[in-house]
Amino acid sequence: MSYAREELLAVAIARLIGDARHVAVGAASPIPATGAFLLKEKNPALRISLLQKRTGNPFTEGSRELFDLAGQGRIDVFFLGGAQIDGEANINLVEAEGRRFPGSFGSAFMYFTAGKTILFREEHSPRVLVKKADYVSAPGWSPPDVQRRGGPAALLTGKALFLWQKDKRRFRLASVHPDSSVEDVRGNTGFDYDAPGTVPHTAVPTAEELDLIRGPVARVIAENYPEFARRVWAR
Amino acid sequence: MNLADAGALARAIPDGACVGLPPDYSLVAMAVVRALVRRGAKDLKLVGVPVLGLCADILIGAGCVREVETSAVTLGEAGLAPRFTAAAEAGTLKIVDATCPMIHTGLQATEKGVPFMPLRGVLGSDLVKDHPDWKTIDNPYAAGDPILLAKAIAPDVALFHARWADEAGNVWVGRRRELATIAHASKSCYVSYEELKPGDMLEDELLAPGCIGAVYVTAVAPAPRGAWPLGVPGAYGIDDAHVMHYAKLAKTAEGFRTYLDEFVLKAVPV
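Protein sequences, first through last, are from chains P and X.
Counting from 1, position 183 in the first sequence corresponds to residue 183 in our numbering; the numbering is continuous, with no gaps.
Counting from 1, position 1 in the second sequence corresponds to residue 236 in our numbering; the numbering is continuous, with no gaps.
Rather than coming from a laboratory, the hints here were simulated on the basis of the structure.
Predicted model only: the values in this text are computed from it and were never measured.
Treat the hints loosely; a few may be bogus.
Which stretches of chain X does chain P cover? Using the computed rule of at least three CB atoms under 8 Å from a CB of chain P, they are [what the hints assert, rightly or not]:
#	region
1	353-362
2	433-442
3	490-498
Chain X is nowhere near these chain P residues, computed Cβ spacing over 12 Å in every case [claimed, not checked]:
#	residue
4	G62
5	F105
6	R121
7	H124
8	R148
9	A153
10	A218
A virtual CB, placed ideally from N, CA and C, is assigned to each residue, including glycine.
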């Protein structure tokens, strides 16, 4: 059964979320949102807070409530991206090579306080995946005396999935998407990482997963990410 | 105090003021922002609570802004904020980068009348070394536990839009409670509103929780559709097509001028 790349990535996201109770999804993140709602089809108890929801968003205390929830440990999974992501899982949302980006948003706090963070960036290039970030909006790891509940769990890109090795402060290549290869990933990654002798392909969506994504999940996503839904599912 | 219109509010905000502003998804006093451009406001410092969007981009492009402190400037789905990005890359705008909860925490310190308030996380971010008002201390209750302090933030002016004002001087903003935080922490507070309600909303148990009490509000003024092209939840949504049109035009200084001529400098739109 054929599938869109966005669907493959959403399925990978759903697996990474795992057995979380509460996932928060930030603005402009339709693929993480699709993954979260796919998982909710299998686990209806999963709470999903869509931060960009224009009406009926889950908060009554204004924009600080998300951070207060995270500070207390009530957000299990969060997603972050970056103009640059480096080999130590530092993310840069501020500036690189003379170019200015919007800014760090809540990343410097959420990366510490959410139970785990899934780094997600579709573009997989040496420009994005760099050896050392030009600016650290939020650090990938902290010295032992700094209180930190969470941190990176994985880095998912348009080509591959890396898992974070906290003890080694390095990524390990976990799987390569079917339209990429180990060489393609190595050639387009600016930082060094570990890789097993044989790297599996990222699991492709099952027929059952595709039915859910294109049915109930697409209906929810279309309400909140209309442009994305039109592009991927022609809804 | 009920002033005549958005222009009167804009005249009450002095040049050089530090102005606390909400993000585009909250309630933004866009009619007042346009009036600030028309009156040629200068040297404003904008504080994004916790981020800034269209209003800041227009004020920056029009030369009204000396400095921003914010966790981001973004047009959301419409992409980068073009005049902010151009000014940042040209080095013509002072930018103090922050992260959302540190801004909230600094304002909450002022709400409580204390000089600072601690927050977890953030340590090790380049934001800490670049921010003049953040300090790391050792937790006085548990040694060997570094924690970051946000210095109290007290803007000169809070500026936002409300669904309703009433005859008692209260304003209703519903669940957009970051506006209450800005109002509580600022030395003065100017609010444009959609509609005036007779009486006192604090007498109504259903309306009162969405209100900011008159004690915090310096002046209000009517501005029907005053958040346009941004939205007022329950009344009108964001005019996405217009914001997209702005994002395209404002990519160049000339395009931005065209936008100003058409939508800001001539008669008040809509």
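**Prompt:** What are the numbers of the hints the structure violates, in ascending order?
**Reply:** 2, 3, 4, 5, 8
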